Amino acid sequence: MIPSQTKLIDEKVTSQLLKKRNRLGERFIESTLVFCGFISIFITLGIVFELGKEALPFFSSTDFKLIKFLTGTTWQPQIKLFGVLPLVMATLTTTVIALLIAIPFGIGIAIYLSEYASVKLRSTIKPTLEILAGIPTVVYGYFALSFVTPFLRVLFGKDVVEIYNTASAGIVMGILILPLIASMSEDALAAVPRSLREAAYGLGATKIETTYRVVIPAAISGLAAAIIVGISRAIGETMIVALAAGAGPKFTFNPFQGAETMTGHIVRVSGGDLSYDSIDYNSLFGISLLLFFMTLSLNMLSQWVVRKLSEVK
Amino acid sequence: MGENHAPVFIANLVSRNRSERIWKNLLQISTLIGIIFLIVLLLNIINQSFGYVAIGYRVPPAKLVGPGQTLENLDIPQLAGILRQRVSPGLLKQLENDTPLEQFSQVNLVNLVMAKIAKPEVVKTWSFWQSLSMREEIKQEVGQLPETRLVFFSWVRPDLVSNSQSSNPLIAGVRTALLGSLWIILIAIMVAFPLGVGTAIYLEEYAGDNHISKVIRTNINNLAGVPSIIYGMLGLAVFVRNLAQLTSGAWLGFSSPETANGRTIVSAGLTLALLVLPLIIINAREAIKSVPDTLRQASYGIGATRWQTIWHHVLPNSIPGILTGTILAISRALGESAPLVVIGASTYITVDPANVFSRFTALPIQIYQWTSRPQAEFRNLAAGAILVLLTLLLSINAAAIVLRNRYKRY
Amino acid sequence: MAKKLSLGIKLMVVAGLMLSACSLAAAPAEAPAVVPATEVSLVSMETSVAPASPDINDPATLSGMVITAGSSTVFPLSEVMAERFKEEGFRGEVTIDSIGTGAGFERFCVTGETDISNASRKIKDSELEKCKAINRNPIQFRVGTDALAVVVSSENDFLTDVTVAELGKIFSSSTVKWSDVRPEWPNEDILRFSPGTDSGTFDYFVEAVLGPNFKNADGKADLEAAKADILGSSNIQFSEDDNVLVQGVEGSKYAIGYFGFAYYMENQAALKAVSLEGVSPDMVTAEDGTYKLARPLFIYSDASIIKSKPEVAGFISFYLTYVNDEIQSVGYFPASQAALDEAKAALAEALK
Amino acid sequence: MDTFITGKIDVKHVSIYYGKFRAVKDVTISIPDHKITALIGPSGCGKSTLLRSLNRMNDLIPSSHIEGSITFHGMDIYERSVDPVEVRRHIGMVFQKPNPFPRSIYENVAWGARINGFQQRLGHPSLDEWVEICLIKAALWDEVKDKLRSSGLSLSGGQQQRLCIARAIATRPEVILMDEPASALDPIATLRIEELMRELAAEFTIVVVTHNMQQAARVSDYTAFLTMDHDRSGILVEHGNTPQIFTNPVDSRTEGYITGRFG
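Protein chains in written order, with my numbering: chain A, 21 to 333; chain B, 7 to 416; chain C, 102 to 453; chain D, 158 to 420.
The set of hints was computed from the structure by calculation and includes no laboratory data. Some clues are possibly wrong.
[To be verified] Derived CB-CB ranges, DEER-like:
hint	chain 1	residue 1	chain 2	residue 2	range
1	D	His-387	B	His-217	56 to 62 Å
2	B	Val-221	D	Glu-236	30 to 36 Å
3	B	Gln-150	C	Gln-429	19 to 25 Å
[Claimed, not checked] Straight-line C-alpha distance at most 25 Å; calculated DSS-like pairs for lysine-lysine:
hint	chain 1	residue 1	chain 2	residue 2
4	B	Lys-125	C	Lys-354
5	A	Lys-328	B	Lys-125
6	C	Lys-270	A	Lys-100
7	C	Lys-354	A	Lys-178
Every value quoted in this text rests on a predicted model; they were computed, and no experiment measured them. We treat Cβ as the ideally placed atom computed from N, Cα and C, and that holds for glycine.
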C-alpha cells in the first residue's frame with residue numbers, strides 16, 4: 021500500500037489551503053514581459069521622435085516651403101532647392117516597374133505551387149524561392165548593374181537606355197520582391213480549405229475554374245496583403261537603386277534615364293557623412309520621415325484590407 | 007415537370023479543357039521564369055568569380071637578374087643582394103629581425119623577391135565564360151604583353167576568407183568584414199532574441215484582447231514593414247550621435263570622451279537588433295500560437311502557474327518555430343548593408359574587431375565598396391565575396407530547414 | 102529533444118556572455134591608443150625583441166591606432182601607404198574612411214575623432230575656425246598631385262580638346278545641348294557626371310572651372326553662384342563613387358565627366374581624356390601647372406596629436422618619405438621635392 | 158432535490174458569462190465528498206462551463222466572468238486572496254481529448270508533482286515510486302512499466318487518457334474534474350475508464366461531464382441534469398441520486414431527455 025501518503029503534503033488549516041502565494045518570480049517575469057511588449061511602441065515613437073527632431077530644423081527653416089517641398093521638381097539642397105518630387109517620382113517608377121514584374125509572376129508561381137505542383141515539387145521550389153528572398157540586396161544591385169542594364173542596352177539601344185536607369189533597378193527589384201509575394205500568396209491560397217475546392221469539383225468545375233471562381237476569391241485578402249507588403253518593400257529598397265538607378269535627383273518619367281530614389285538619395289548623401297548641422301543633413305531626415313509615413317500608411321492599408329476582406333468572407 | 011421544360015446543358019468540355027491547359031502552361035512558365043531568374047543571378051556571380059587573369063609585375067623579375075638568368079637559379083647571396091639593394095631599410099630591418107637574409111632558404115628568398123620587389127599585379131581579367139569561349143584570343147593577347155603571365159584564377163579561395171582588405175586584389179580578403187558581420191549579428195541576436203521572444207510570449211500568453219495589445223500588434227506589423235534605411239537613420243541619430251558616450255565605450259575608457267564616436271560594432275548591432283526585432287516577434291508569435299491549447303489546459307489543470315506552463319510546455323514546443331524565425335532574421339541581418347552605410351562603416355580597416363567598441367566593416371559593405379572601385383578586378387573580388395556571403399546564408403538557411411523538420415511536432 | 106535544444110540555447114547564451122566578457126578583458130590591449138606608453142610595455146611582454154622607446158622613424162617601435170578619414174581621391178594612396186607602414190613593422194592599425202574631403206574635416210575639426218584628415222583641397226577658413234574651436238591646429242602636409250581628367254566615352258568622336266571656358270559652359274545650367282557650346286558639335290543633350298558635392302574634387306572643379314565666370318561685388322570669384330550653376334544644370338548625376346561616374350561616361354557618346362586621373366588610368370579602354378587648351382595631363386604638365394586642372398593632395402593633422410601619439414607622427418613621416426615610391430602606381434603625380442621637404446619641415450616643427 | 162447535502166464543493170447561485178452572453182444561469186449544487194457526480198444535459202447547456210468554473214479554468218478565457226459563489230472546504234475559490242493555481246492543484250482536471258505532454262510517460266506524471274513542490278523525505282515515496290503509484294492507480298502501470306521513457310504520445314487513445322488521469326492524481330488533488338473523458342475513445346477503452354473512475358471514487362471526489370446517459374447511469378452516484386432555457390443559458394433542472402434521476406425524475410424535461418424525446 022501507499023506508505024503514509026496523507027502526510028506527503030502538509031494539510032493546512034482550510035482557510036490557508038488556497039491562500040495566494042507570493043509568487044515573486046512569477047510577477048517579476050510578467051512585468052519583464054510587459055516591458056518587452058511595450059518596447060515595440062517605444063521603437064515606433066523613437067523613430068517618429070528622432071526623425072522628427074532631426075528634421076525639424078529643415079521643416080522650420082526659411083528655405084523650406086511645404087508647397088515647394090511637395091510640388092517642386094528640383095531637389096538640390098546645396099542651392100536651397102527642396103522639391104521632393106524627383107525623388108518620389110523615381111521611387112514610384114522603380115516600384116511600379118517592380119510590381120509589373122513581381123505581381124503576375126509572383127501570384128502565378130503561387131497558384132501553380134498551391135494548385136498544380138506535386139507536393140514534392142512544391143517542397144523543393146518554395147524553399148528555393150525563400151532563399152532567393154534571403155539574398156542580400158547588394159547582390160541584386162550588382163546583378164542589375166552587371167547584367168540587366170547591359171541586357172537592356174543591347175535590347176533597346178545604347179542611345180535610348182542610359183547606363184544608370186530606373187528600369188533596370190525596377191526589374192531587379194521586381195525579382196527581389198517576387199519570392200516574397202509568391203511565398204505569402206502561396207500561404208494564403210494553401211489556407212483555403214480543401215472542402216471548398218472539393219465542392220467546386222463536385223459541381224464539375226475544372227481546376228482553373230475552381231481556382232479563379234473559388235480559391236482566389238477565398239484567399240483574396242491574403243493576396244492583397246502580399247501585394248501591399250511587396251509595394252512597401254519596393255519603396256523602401258535601397259541598395260539596388262543606390263547601385264543601379266542613378267545618383268542625381270532628376271524629374272523624369274522615362275524609365276531608361278537615371279534618377280535617384282528617396283532611399284538612394286539618403287544612402288548616397290549619408291554615405292558621404294554630412295556635417296551634422298547642415299540643412300542637407302536635416303533634409304535627409306525630412307525625406308526619411310516622408311518615407312516612413314508612406315510605408316506606414318501602406319502597411320496600415322494592408323492590415324485594413326486583410327481585416328475588411330476577411331470579414332466579407 | 008415535362009420534358010420540354012428540362013434545362014439544356016451544352017458540355018463545352020473541349021474549350022474548357024483547352025483553357026485549362028493554357029492556364030496551366032502559363033503558370034508553369036511563370037514558375038520556370040522565377041527559377042531562371044535565380045539561376046541567371048547565380049551564374050552571373052559565378053561567371054565573375056572564376057576566369058583568366060593576366061598578371062604582370064611592378065618590377066618584372068627579368069629586370070632584376072642578368073640576361074639568361076631566372077630568379078629561381080640565382081643563389082642565396084645574389085638574391086639577398088637584390089633584396090638589400092631594392093627594399094626600403096625599414097622593411098629590410100623587419101625581414102632581418104631574427105636572422106640575416108643570407109641564412110634564409112633560397113626558395114624563401116625567391117618568394118620574398120617576388121612579393122616585395124616584383125609585386126605581381128593584375129593587368130586584366132576575364133570572366134569565366136570569356137575564359138572558356140575565347141581561350142585562344144586571350145592567350146594571344148597576353149602573349150603580346152611583355153612580362154605577363156596568364157593564370158586561371160579562382161577569386162573564391164581560402165585566402166579570401168583569411169586575409170584582410172588590401173589594395174592588391176590578388177591578396178585582398180574579407181576577414182575583417184566577416185568578423186565584423188559576425189560580431190554585429192551576435193549583438194543583434196543577443197538583444198533581439200530575448201526581447202522578441204519576450205514580446206511574443208507577452209502578446210500570446212499574457213495580454214488579453216484589449217486595446218493596448220491590439221495597438222502593440224498592429225504596431226509590430228507596421229515596424230516589420232519599415233524600410234531598413236529608416237532604421238539606419240534612427241541608429242545614426244540615437245546610437246551614433248545621442249548615445250556616443252555609451253556606444254563608443256567612452257564610459258568604460260575605451261576611447262576618450264572628447265573624441266567619442268559611436269560608429270562602432272555595438273551601434274551597428276543595436277540598429278540591426280531593432281531591424282530584426284519585429285521579424286523575430288512575428289515568427290515567435292506564430293510558433294507560440296501553433297502550440298495547441300489542450301497542452302496549456304493540461305498544464306493549468308494540474309496546478310501549474312502561467313510561467314511554469316510557458317517555460318515547460320509552450321516554449322519547448324514552439325522552439326523550432328522560434329529558432330527558424332530567428333535564423334531567418336539572422337540571415338536578414340547578415341545581408342543588410344543600407345543601415346550600416348548610414349551608420350558609418352569604415353572603408354579601410356584591416357584590424358580584426360577586438361571588442362564591441364571597435365570600428366567595423368561588414369561583408370555586404372565590403373562587397374558594396376569593391377563593386378565601386380575603379381579597377382575591374384575588384385568586381386571579380388566582389389563576386390567572390392558574394393559567393394562567401396551566399397554560402398554563409400545558404401548554410402544558415404539550411405540549418406533553419408533542418409531544425410524545422412527535425413523538431414517539428416505539431 | 103526539446104530539452105536538449107533548450108539546453109543548447111542556454112549554452113549559446115552563456116557562450117555569448119563569455120565571449121563578450123573575454124572581449125572586455127582583451128580590450129585593454131586595444132585601448133591604449135590613448136595611452137601609448139602602456140601599449141609599448143604590453144607589446145614588449147609579448148615579444149622577445151625588446152623595442153626601444155617609440156621612434157617615429159622606425160615603424161617597428163610604434164603601435165596604436167591611427168584613425169584617418171577624408172577624401173576618396175587620397176584614399177587609395179593612403180591605403181597603399183598604410184599597408185606599407187604595416188609591412189615595415191608597424192604594430193598598430195591604420196583605419197581609413199573614404200567619405201569625402203568635407204566630411205573628413207567634419208570628423209577632424211568638429212567631432213575631433215580622427216588623427217589625420219585626407220584632403221584633395223586646402224582646408225577652408227570655415228573649417229579652420231571649427232578646428233580652432235576644439236583646440237586643434239591643422240598642419241598641412243603635401244603628399245602629391247592629382248590631375249583631374251576630363252573624360253568622354255571612347256565612342257565620342259567630336260570632343261578632343263576644350264578650353265577651360267568651354268568646359269565651364271559645358272557644366273553650366275545655361276547649357277543643355279552640345280551645340281550650345283560649339284555649333285559644330287551635335288545637337289544632343291549633354292549628359293553630365295560629377296563627383297558628389299561633398300568631395301574635394303567637386304569643390305576644386307567649381308573653383309577652377311566655373312569660378313572665373315562668376316564674380317561677386319568685390320571682383321572675387323563667387324563660388325556659391327558657381328556651385329548653384331553646376332548644380333542647377335540638367336542631366337547631371339553626382340556620386341561619391343567614382344566608378345559610377347566612369348560607368349556613366351562610358352555609357353554614352355554624349356556624356357562627359359571629370360574625376361581623378363587615377364580613375365581614368367584604370368579605364369583607358371573605355372574612356373578618352375580630353376586635353377585642356379592643348380595640354381594633356383602627365384607628370385610634367387601636372388607639376389608645372391601647364392595642365393590647368395592639376396591640384397595638390399594633402400593630409401592634415403594637428404601638432405598636439407603628433408606629439409602625443411608617436412604612431413601618428415611615425416605614419417606621417419613614413420608617408421612623406423615613401424610616398425613617391427608608390428604614388429604613380431596609384432595613378433597620381435608626385436609632388437615636387439621642395440613641397441615634400443616643406444612638409445617634412447612642418448612635421449619636424451610640430452614635433453618640437 | 159430539497160435535501161441539502163453539505164458537499165466538498167458548494168456552488169451557490171452561480172451564473173457564468175462569456176462577454177455579454179450568459180452561459181450558465183443561477184446554478185446551485187453541492188458536490189458530495191468521495192462520490193461521483195455526473196453532469197448531464199444536451200450539448201451547449203453549459204455543463205462543461207460549469208465544470209471548468211469549479212477549478213477556475215474559465216479564468217483562462219479572457220472574456221469570462223462569474224457571479225455567485227463556489228466554495229471548497231467552505232472557502233470561496235473566487236475570493237481575491239485565493240490563488241487559482243492552488244485551486245487547480247487541489248481540484249485536478251482531465252479533458253475530453255487525451256492531451257498528454259509531448260514528453261516521456263514518466264515525465265508526464267512526474268512533472269505535475271515536481272512543480273507542486275514534491276519533496277523526497279525518508280519513509281515517503283520517492284518520485285519514481287510516486288510515479289509508479291499513480292500509474293498503478295490509473296491502471297496503466299502494467300502496460301507501460303517497460304517503456305516509461307518513451308513518449309506519452311506513443312500510447313493508444315485509451316492509454317493516453319489513463320495517463321492523463323495518472324498525471325492528474327500525481328499532484329494529490331482532492332477532487333478530479335472530468336470533461337467527457339471517454340467521448341473520444343472506443344467502447345472498450347471507454348469501459349476501462351469507467352471502471353477506473355469507480356476505483357478512484359474511493360479516494361477522490363469526482364465530477365464528470367458526459368452526454369452519454371448510460372455512462373452517467375453506470376458510474377455516477379449523483380446526477381445533475383442541466384438544460385438550456387429560452388435565452389440559451391444553461392440552467393440546472395434537477396439534481397439527485399443517480400438511480401432516482403434515471404428511474405423517477407421529478408421534472409418532465411429530465412424525463413424527456415432521459416427517454417430520448419428531447420436533446
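Would the hint linking Lys-270 of chain C and Lys-100 of chain A be met if the CA-CA limit is 25 Å?
The hint holds at about 22 Å.
Does Lys-354 of chain C pair with Lys-178 of chain A here, judged by a C-alpha cut-off of 25 Å?
Roughly 9 Å between the alpha carbons, so the hint for Lys-354 of chain C and Lys-178 of chain A holds.
Holds or violated: the 56 to 62 Å window for the beta-carbon distance between His-387 of chain D and His-217 of chain B?
Hint violated: Cβ distance 34 Å, outside 56 to 62 Å.
Should the hint that Val-221 of chain B and Glu-236 of chain D are 30 to 36 Å apart at their CB atoms be regarded as holding?
For Glu-236 of chain D against Val-221 of chain B, whose Cβ atoms are near 33 Å apart, the range 30 to 36 Å holds.
Satisfaction of hint between Lys-125 of chain B and Lys-328 of chain A, Cα-Cα up to 25 Å
Distance of about 68 Å is beyond 25 Å: violated.
CA of Lys-125 of chain B to CA of Lys-354 of chain C, is that 25 Å or under?
37 Å, violated
Assuming the hint says 19 to 25 Å, is it satisfied by the Cβ distance from Gln-150 of chain B to Gln-429 of chain C or not?
24 Å, holds
The structure fails hints 1, 4, 5 (numbered hints given earlier, in ascending order).
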